[in-house]
Every structure is written in structure tokens, then in C-alpha cells.
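Protein chains in written order, with my numbering: chain A, 1 to 266; chain B, 1 to 273.
In short, the hints are calculated from the structure, not lab data. Remember, it's a predicted structure, so these values are computed and weren't measured experimentally. C-beta atoms are modelled at their ideal positions from N, C-alpha and C, and glycine is treated no differently. Keep in mind that a hint or two might mislead.
Unchecked claim - Facing chain A, from chain B, some residues (calculated, C-beta under 10 Å):
| hint | residue |
| --- | --- |
| 1 | G72 |
| 2 | P88 |
| 3 | G89 |
| 4 | R90 |
| 5 | L92 |
| 6 | M102 |
| 7 | P103 |
| 8 | G139 |
| 9 | E142 |
| 10 | Y145 |
| 11 | L149 |
To be verified - Coverage of chain B stretches by chain A, computed from C-beta distances (three or more under 8 Å per stretch; other residues unrestricted):
| hint | region |
| --- | --- |
| 12 | 114 to 127 |
| 13 | 150 to 156 |
| 14 | 230 to 236 |
Said to hold, decoys possible - What follows is a set of in silico ranges between Cβ atoms, one per label pair, in the way DEER data are often shown:
| hint | chain 1 | residue 1 | chain 2 | residue 2 | range |
| --- | --- | --- | --- | --- | --- |
| 15 | B | A131 | A | R91 | 40 to 46 Å |
| 16 | A | A96 | B | S196 | 33 to 39 Å |
| 17 | A | T236 | B | P28 | 51 to 57 Å |
| 18 | A | A96 | B | R119 | 47 to 53 Å |
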Amino acid sequence: MTDPRRLDLALRVAMPAVIAAAALAAWEALVRLYEVPAYLVPAPSEVARTLVADWSILGPSLVVTLRTTLAAFAVAVVLGTLTAFLFVQSRWIELALFPYAVLLQVTPIVAIAPLVIIWVKDIQTALVVCAAIVAIFPVISNTTLGLRSVDPGLAALFRMYRASRLQQLVRLRIPSAAPYFFGGLRIASGLALIGAVVAEFVAGTGGHAGGLAYQILQAGYQLNIPRLFAALLLVTLAGIALFAAMVGISKLALAHWHESELVAER
Amino acid sequence: MNLAEQAQRSVAPSPAVLTARGAAKTYPGGVRALEPVDLEVREGEFVTLIGPSGCGKSTLLRILAGLAAPSGGEIRWWGGGADRLGEPGRHLSFVFQDPTLMPWASVAANVRLPLDLARRARGESDPRVAAALGLVGLGGFESSYPRQLSGGMQMRVSIARALVTDPDLLLMDEPFGALDEITRARLDADLLALWSRRRLTVVFVTHSIYEAVFLSTRVLVLSARPGRIVGEVAIDAPFPRGDAFRVSTGFAGFCQRLSDLLAQASATGAVGA
Ligand SMILES: Nc1ncnc2c1ncn2[C@@H]1O[C@H](COP(=O)(O)OP(=O)(O)OP(=O)(O)O)[C@@H](O)[C@H]1O
Ligand SMILES: [Mg+2]
Numbered sequence: 001m002t003d004p005r006r007l008d009l010a011l012r013v014a015m016p017a018v019i020a021a022a023a024l025a026a027w028e029a030l031v032r033l034y035e036v037p038a039y040l041v042p043a044p045s046e047v048a049r050t051l052v053a054d055w056s057i058l059g060p061s062l063v064v065t066l067r068t069t070l071a072a073f074a075v076a077v078v079l080g081t082l083t084a085f086l087f088v089q090s091r092w093i094e095l096a097l098f099p100y101a102v103l104l105q106v107t108p109i110v111a112i113a114p115l116v117i118i119w120v121k122d123i124q125t126a127l128v129v130c131a132a133i134v135a136i137f138p139v140i141s142n143t144t145l146g147l148r149s150v151d152p153g154l155a156a157l158f159r160m161y162r163a164s165r166l167q168q169l170v171r172l173r174i175p176s177a178a179p180y181f182f183g184g185l186r187i188a189s190g191l192a193l194i195g196a197v198v199a200e201f202v203a204g205t206g207g208h209a210g211g212l213a214y215q216i217l218q219a220g221y222q223l224n225i226p227r228l229f230a231a232l233l234l235v236t237l238a239g240i241a242l243f244a245a246m247v248g249i250s251k252l253a254l255a256h257w258h259e260s261e262l263v264a265e266r
Numbered sequence: 001m002n003l004a005e006q007a008q009r010s011v012a013p014s015p016a017v018l019t020a021r022g023a024a025k026t027y028p029g030g031v032r033a034l035e036p037v038d039l040e041v042r043e044g045e046f047v048t049l050i051g052p053s054g055c056g057k058s059t060l061l062r063i064l065a066g067l068a069a070p071s072g073g074e075i076r077w078w079g080g081g082a083d084r085l086g087e088p089g090r091h092l093s094f095v096f097q098d099p100t101l102m103p104w105a106s107v108a109a110n111v112r113l114p115l116d117l118a119r120r121a122r123g124e125s126d127p128r129v130a131a132a133l134g135l136v137g138l139g140g141f142e143s144s145y146p147r148q149l150s151g152g153m154q155m156r157v158s159i160a161r162a163l164v165t166d167p168d169l170l171l172m173d174e175p176f177g178a179l180d181e182i183t184r185a186r187l188d189a190d191l192l193a194l195w196s197r198r199r200l201t202v203v204f205v206t207h208s209i210y211e212a213v214f215l216s217t218r219v220l221v222l223s224a225r226p227g228r229i230v231g232e233v234a235i236d237a238p239f240p241r242g243d244a245f246r247v248s249t250g251f252a253g254f255c256q257r258l259s260d261l262l263a264q265a266s267a268t269g270a271v272g273a
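With the hints as constraints, model all of the structure from the sequences given.
In C-alpha cells:
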């Protein structure tokens, strides 16, 4: 028998790869067969060629967008976690503030972004603020839920042994919250990227040589559809990479005990 | 303990470890789990609570441990309040009905928890952890995680955690319920040995009449919900008790009396509830 772990990993990689290969092949074939012009739908090979050819333009844009995303993600994680700790300190604080966290979540970022861009002088900072607003909610809500999801028996045990508040936090609440926190990170990382791209769109092309959204807008104006697709591809790849990184971190942190990271027994 | 000692003990009773006066519990939502209970447990006693399922044994035990506040009455430990628990000579340990282990911590870390919380140095606590794990037959499992153990093994980890602080009063809620007959008999014997060696005071909950008779100096029978003490049997067989005691006529007699009381208790409770 093959090692089930290996088999599992192989399937995880192979199955989506087969789908992707089939879809790309069909796309390429259809475009060639019907001689679709590149300004409508470029063939995958054309997109790949543009990606390489325009790398001197697209590469720096990718860096700009990634920098905004990572900064926003970091801000969202730090502020979101602090807010969650604040919430579990007192029911009153949570009751008073939680609705505003929801408000932040349900208001579309495209509607807030122009205001933020007007209020915050530095455009780069403004973009980070917008993306962080989008990404912060899952961190707050998951971490709060996690910090509250303490096994009541263990809580009683800690009380019985007269654990200090700090001991309860470090030895009980934080480990209990960890699986929820990492779940929040996965969602937040994707949202930070979406937030960054949307904010770049709103900021537009005026004066600021920006990230991937700027390239998409420019390419659109110039009907440079292959480059538009190439930029789009980069956004997608960046999102996948972020997600994979979060999965990896969560695995590292939880693998030795949490059900979600255990390999299923067959 | 010989007969002379026993006689002496009855003349000069040992000090009370645990006193409950009118301890009652009504859960929020109006579930009356426990009628007022008066109870005194003296030093060196092994008192067992038995009663039908759901009659309030766990509730009473949690109140006796100070884990839950009674909705009426009061509890004293060594004549003092809960704030004095943990002082020298006033160590209390509790074994929950479920293992209640930290899934993210190794077996050794779980057992060491009470010592860690008391900020004991590793040099002092590690040998005690090893000794406690040896006592429950889990030496060599230090670095395992709870999920890698069977239910019964997890329960034994939780017993080791209770013993590691060297308690003076040990409260145990059906600790051996999940174990097979052989392991259970072995742990019963080990518990008795520990009890007499350390002059522990134990309050124990079980569903097994045999276990209750084998272990206890006194068995209290609770009625069906709302629980109240409806019978008491002193098991005045001498210690040490071995396998011979389990098959003696005296043993059978105690079991019969308890079984009758339990049948009565279940019947009256059912009418009352
Ligand atoms: N947290 C709670 N809230 C409300 N009712 C409760 C709670 N805990 C227990 N009860 C009720 O109190 C009664 C006594 O519960 P308890 O756990 O003390 O029973 P028990 O005698 O230990 O039963 P078992 O032998 O099955 O463990 C039960 O009928 C239960 O419904
Ligand atoms: Mg119970």
C-alpha cells in the first residue's frame, strides 16, 4: 500500500491540475479554431507570452499590490486580535462595539474608499486602510468566538487551581482560540488582497503609478487585452499563494493536536 | 488499622474535613437538582455517593469542591471558607466525570498543569509527574497527546493530574466508569492503598454497588431527582481489604442492603419527581 499521506497530497495537486490543463487546452483550441481576435479573448499561450514580455511592467505592479495587501493584512491581524481581546474582557465592551464591527463589514468598500482616499493624504496609506477595513472582520469575529470557546470543564479546573488571569489567558484561552484564529487568517488574507485591488481601482489611474489594478485599468483603456489577462492572472496567483501560506502556517501551529489538521484515518 | 485503633477512633472522632449544611442547588431555568443536604466528612473517611442517574451526584460533588456555588446553605472545608483552600494541609483535588484534558498539551504537560499554575520549578515537578503517571500505569506515555489515548487511559491521566498535587481531600466523580473490570479492580486497590498510606479523605461517586462497598468506610444513597440523602450504610469491614473481601459473606450483605436502599430511592424519587 502507498502511504496515505502521499496519496492524499498527490490527489490534491493532481486533480485540480488535470482540470486546469483540460480547461486551458479547450480554451486554446476554441480560440484558434474560431480565430477569435486577441482584443476579445486572447489564447492562454498569448497571455503567457505577454506575461513574460511585459514582466518589466507587471512585476513591479505585483510588488506594489502585494505590499499593500501584506501591510493591510498585518494591520487587520494586529488590530483585529486586539479588538477580540478587548471584547472578551467585558461583555459591555462587546455589546457596545460589535455592531460597529458589523457595520464596517457590511458597508461596501467601494463606497467608503473615495472618502478614505480624500481624508488620508498619503495614497499608499489610504489603500492600506481600505484593504484593512475589508480584512479585519473575520479576524475579530473568529478570534472572539475562539477566545470564548473554552471547554467549561477546563475553565472550572483552572479556577479550582486558582490560575491568575494571565495564566488563564496564556494556557487556556489562547490555545483554545488558535484553531478559530487561523481560520480567520485564511479568510482575511484573501480579503486583504481583494480590498487592496478594489481600493486601487477606486484610486484610479490619476498620477499614481500603482499596482495590478492600475495595470488592468490601463490595459483596458488601451484595449491591450492580453496584458489585462496577464495582470488578472497575477492577482489570482497572488491570492492562491497567500491562501496556501495561511494553510501552511495553520498546519505548523495545529498539526500536533487539532482535528482539522489531522490526516483522516482510512 | 486494628480493632483497638478503630475503637479509639470512634471515641475521639477525627476532625471534620468537609461540612455541608443545607447545601441545595436549583439550576437557572428552575431545574431542582438537589434538595438541602447535610453532610459531614471526617479526616481519613472514604465516603461514596450512589444514586440513580441524573439524581444530582455530580452537582453535589461540584458544590463540595467549591466548583459551583450552592443556591442555598453553605460548605466549609476544614472549618474554613473556599478562600483558604490550597493552604498547606488544605489541598483539594477533583476528578471530573469526563477526562477534561487540554487537547493541545502532552500527557506530561496535562498532569503537570496544577504544579505549573502554582509556579513550581520543573526540577521539582517533573519527578512528581512521573510518579503520578506511574501510579496510574501510564509511565512511558509522557509525550503522547490525549487524542492518541483510549477513553480509559485519558481518564487515568486525569486521575494522575489530581494526585500530582498530593491532595488532602480527593473528590472523584465516577473516575473508573469507563474502565474494564480488571483495570478497575486494580485501580480500586491502588486507590485504597494510597488512601491508607496518605491518610487521604475521599468523596467518591460511582454507579457500582460493588465498588462502593469495596472502597468505602461509608456509603450515602441519594434519591432520584431532586437528590437528597435517603440512606447511609457504614461499611465497617477492616482494612486492608483484598480480593478475599470481595467474595466474603459480609461483602454480599453490604451489597444487598445498598441494593435495597437504591431500589427504594429510585422508587420514591420517581413518585416525588
Ligand atoms: N448546568 C446545568 N443546567 C441545568 N440543569 C442541570 C445542569 N447540570 C445538571 N443539571 C440537571 O441536574 C440534574 C442532576 O445532574 P447531575 O449531573 O448532578 O446528575 P448525576 O447524578 O451526576 O447523574 P449521572 O449519574 O448520570 O452522572 C440532572 O437532572 C440535570 O438535568
Ligand atoms: Mg454525574
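Evaluation of the interface hint that places B:L92 against chain A, nearest CB under 10 Å:
holds (8 Å)
Tell me whether the statement that chain A covers the region 150 to 156 of chain B is true, taking a Cβ distance below 8 Å and needing three residues at minimum.
Since 0 is below three, the answer is violated.
Would you check chain A against the region 114 to 127 of chain B, counting CB to CB pairs closer than 8 Å, and say if three or more residues qualify?
Coverage by chain A holds for the region 114 to 127 of chain B (4 residues, Cβ < 8 Å).
Quick check on the hint: B:R90 CB to chain A CB, less than 10 Å?
violated (12 Å)
Take the shortest C-beta to C-beta distance between B:M102 and chain A; is it under 10 Å?
Holds: closest Cβ of chain A sits about 6 Å from B:M102, inside 10 Å.
Does B:Y145 pass the interface check with chain A, least Cβ-Cβ distance below 10 Å?
holds (6 Å)
Could one say that the CB atoms of A:T236 and B:P28 fall in the range 51 to 57 Å?
Holds, since A:T236 and B:P28 (Cβ atoms, about 52 Å apart) stay within the stated range.
Mind checking the hinted window 47 to 53 Å against the Cβ distance between A:A96 and B:R119?
Given about 36 Å between the Cβ atoms, the range is violated.
May I ask you to test the interface hint for B:G89 with respect to chain A, counting a Cβ-Cβ separation under 10 Å as satisfied?
violated (16 Å)
Verify the coverage statement for the region 230 to 236 of chain B against chain A, using a C-beta to C-beta distance below 8 Å and requiring 3 or more qualifying residues.
violated (count 0)
Hint check: 10 Å Cβ-Cβ cutoff, B:P88 to chain A:
With a closest approach of 15 Å, the B:P88 hint is violated.
Range hint compliance [Cβ, B:A131 to A:R91, 40 to 46 Å]:
At roughly 43 Å between Cβ atoms, A:R91 and B:A131 fall inside 40 to 46 Å, so the hint holds.
Checked against the numbered hints given earlier, this structure breaks hints 1, 2, 3, 4, 8, 9, 11, 13, 14, 16, 18; the rest are met.
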